[in-house]
Amino acid sequence: MGRIESARARALSRPSAPSFGVPPLGGLFGVKLLKDLQLRKARLKAELHTKPPDACPLHPLPTPSRRARLCFRSASRRLGKEGKDVMKKVRFGVIGAGGIADRRALPGLLETASCELAAVMDVANAEDLGRKYGVAWYDGEEALLAHPNIDAVYIATPVHLHLNQIKQAALAGKNVLVEKPICMTSSQAEEAVSACEKAGVVLQEGYMMRFHGAHRRIKEIISSGVIGKPVYARAQLACWYPPIQGAWRQHLNFGGGGALIDMGTHLFDLLEMLLGPIAKVAAVIRTQVHDYEVEDSAITLLEFENGCQATVDTSFCVPDAASRTRLEIYASRGAVLSEGTIGQGKDGKLEVYAEAGGKGYEAGQLKDFQSSFREEPFEHVNPYTCEFESFARAVLAGKQAELDARRGVHILRIVEMAYESSKTGITQNLR
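For the sequence shown, the working numbering begins at 24 and goes up steadily by one.
These aren't lab readings, by the way, just hints derived from the structure by calculation. Take the hints with a grain of salt, since some may be wrong.
To be verified - DEER-style ranges, computed between Cβ atoms:
id	residue 1	residue 2	range
1	Leu453	Gly196	32 to 40 Å
2	Ala169	Arg397	33 to 41 Å
3	Arg454	Val307	34 to 42 Å
4	Asp151	Lys372	35 to 43 Å
Said to hold, decoys possible - Result set (BS3-like, lysine-lysine): computed pairs, CA atoms no more than 25 Å apart in a straight line:
id	residue 1	residue 2
5	Lys372	Lys252
6	Lys303	Lys446
7	Lys242	Lys369
8	Lys446	Lys242
9	Lys242	Lys252
10	Lys446	Lys155
11	Lys252	Lys190
12	Lys190	Lys422
13	Lys221	Lys190
14	Lys111	Lys422
15	Lys369	Lys112
16	Lys221	Lys422
17	Lys112	Lys190
18	Lys155	Lys112
19	Lys303	Lys242
20	Lys112	Lys422
Glycine is no exception: its CB is placed at the ideal position from the N, C-alpha and C atoms.
Work out the full structure, taking the sequences as your base and the hints as a guide.
The following block contains the structure:
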């Protein structure tokens with residue numbers, strides 16, 4: 024009997040799983056997962072042996088590093104021959120299982136090899152979500168935190184609730200992965216970090232865009248020096264977010280601000296990952312279209328310690344279809360452009376131009392913008408899955424996460440300086 028037939032026989036001999044929409048992790052599902060991993064590994068191996076383009080023979084782009092395939096390695100190490108778990112998992116309770124958790128984070132968690140969903144808590148639809156995922160459900164965080172089999176919590180509630188929930192989780196000895204922004208202010212964030220340090224638990228903020236395959240690839244290309252010294256960058260994230268009854272992001276007391284603090288925080292973190300520390304901040308922040316109390320538009324100008332400059336465009340008043348969610352890095356010998364990578368998905372397009380030989384300006388050099396760039400492959404992995412894997416590695420190893428908890432304090436200081444600059448018209452010095 025072949026492996027597939029043997030797996031099918033074992034699956035049919037087991038009792039039926041509860042109909043909560045979650046397939047059992049053994050049997051056919053395990054075999055399918057292993058086959059998917061093997062196909063991905065073969066595809067990555069083929070990409071590693073792709074010949075660099077003739078357009079830049081003296082400066083070929085660096086091949087993707089092993090670090091870029093972190094999620095794949097993490098998953099494959101934890102699977103036996105039939106996809107069975109061979110290592111301890113981090114068991115999660117979810118506090119605030121609303122839209123972002125249900126649509127994005129929980130599917131990402133369920134794709135990991137090192138995490139397990141144990142319980143959900145939501146004041147409105149806890150039972151529906153518990154039945155959907157086949158786990159325990161609660162309508163208050165105190166009851167969830169008392170669950171004996173939970174190692175960590177994922178917090179995805181309105182921002183004004185974060186500080187108290189982080190402190191409660193720390194007191195209960197639970198590790199914490201919290202959606203951005205970590206708190207309403209940098210002083211609140213300091214308090215949250217101190218509480219987790221005192222309790223000896225891991226605290227990480229949910230900047231999942233840094234785990235996108237295209238952004239990891241951009242980091243490698245910049246670090247290799249093949250495109251030269253970065254001189255200018257632009258990051259853009261916009262959407263149409265009209266006034267909605269009960270939308271907490273549209274109220275200052277619930278979200279701490281509007282487009283800047285909600286979306287700009289992601290972009291500040293991403294640009295610092297790629298370009299280094301930010302030194303100066305200036306901004307123009309307005310409410311231009313919508314009738315609510317937070318800003319629907321913010322343009323932030325940044326200067327980095329290495330001299331690179333950048334603009335960050337964040338908006339709640341641009342139609343979704345008109346927003347290209349672009350990331351652009353221009354350097355002395357080339358550029359990297361991505362489109363559709365800033366967001367919640369794993370796809371998008373990445374293009375690179377690396378000048379042949381780094382010779383600088385020549386009168387006869389190519390001027391055709393389109394033909395000078397070539398598409399660059401990257402690993403299309405779920406950034407939420409990678410984020411949970413990164414957090415789980417820290418918890419299982421008993422050390423701080425890759426994304427240090429104090430980074431949340433730092434990013435909120437940048438946000439606060441942007442608001443201050445917009446109010447006073449004065450550039451703010453961060454360092």
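Right, here's what the structure says about each hint:
For Leu453 and Gly196, the Cβ-Cβ distance of about 35 Å falls inside the hinted range of 32 to 40 Å, so the restraint holds. Between Ala169 and Arg397 the C-beta distance comes to about 55 Å, which lies outside the given range of 33 to 41 Å. One distance hint, 34 to 42 Å for the beta-carbon pair Arg454 and Val307, is violated here, with the actual separation near 22 Å. In this structure the hint that Asp151 and Lys372 lie 35 to 43 Å apart at CB holds, the actual value being about 37 Å.
With a C-alpha separation of about 23 Å, the suggested pair Lys372 and Lys252 falls inside the 25 Å cut-off, and the hint holds. Distance check on the hinted pair: Lys303 and Lys446 sit about 16 Å apart at the alpha-carbon level, within 25 Å; holds. At roughly 16 Å between alpha-carbon atoms, Lys242 and Lys369 fall within 25 Å of each other, so this suggested pair holds. This hinted pair does not check out: Lys446 and Lys242 have alpha carbons roughly 34 Å apart, beyond 25 Å.
This hinted pair checks out: Lys242 and Lys252 have alpha carbons roughly 13 Å apart, not beyond 25 Å. A C-alpha spacing of about 46 Å is found between Lys446 and Lys155, which places the hinted pair above 25 Å, so the restraint is violated. With a C-alpha separation of about 43 Å, the suggested pair Lys252 and Lys190 falls outside the 25 Å cut-off, and the hint is violated. Our distance criterion of 25 Å between C-alpha atoms is met by Lys190 and Lys422, whose separation comes to about 19 Å.
Taken as a hint, the Lys221 and Lys190 pair is honoured in the structure, with Cα atoms around 10 Å apart against an allowance of 25 Å. At roughly 16 Å between alpha-carbon atoms, Lys111 and Lys422 fall within 25 Å of each other, so this suggested pair holds. Restraint check for Lys369 and Lys112: satisfied, since their Cα atoms lie roughly 24 Å apart, inside the 25 Å limit. Restraint check for Lys221 and Lys422: the C-alpha separation of about 14 Å stays at or below 25 Å, so the hint holds.
With a C-alpha separation of about 24 Å, the suggested pair Lys112 and Lys190 falls inside the 25 Å cut-off, and the hint holds. Pair hint Lys155 plus Lys112 holds up; C-alpha atoms about 21 Å apart against a cutoff of 25 Å. Between Lys303 and Lys242 the CA atoms are separated by roughly 22 Å; this keeps the pair inside 25 Å, and the hint holds. Restraint check for Lys112 and Lys422: satisfied, since their Cα atoms lie roughly 16 Å apart, inside the 25 Å limit.
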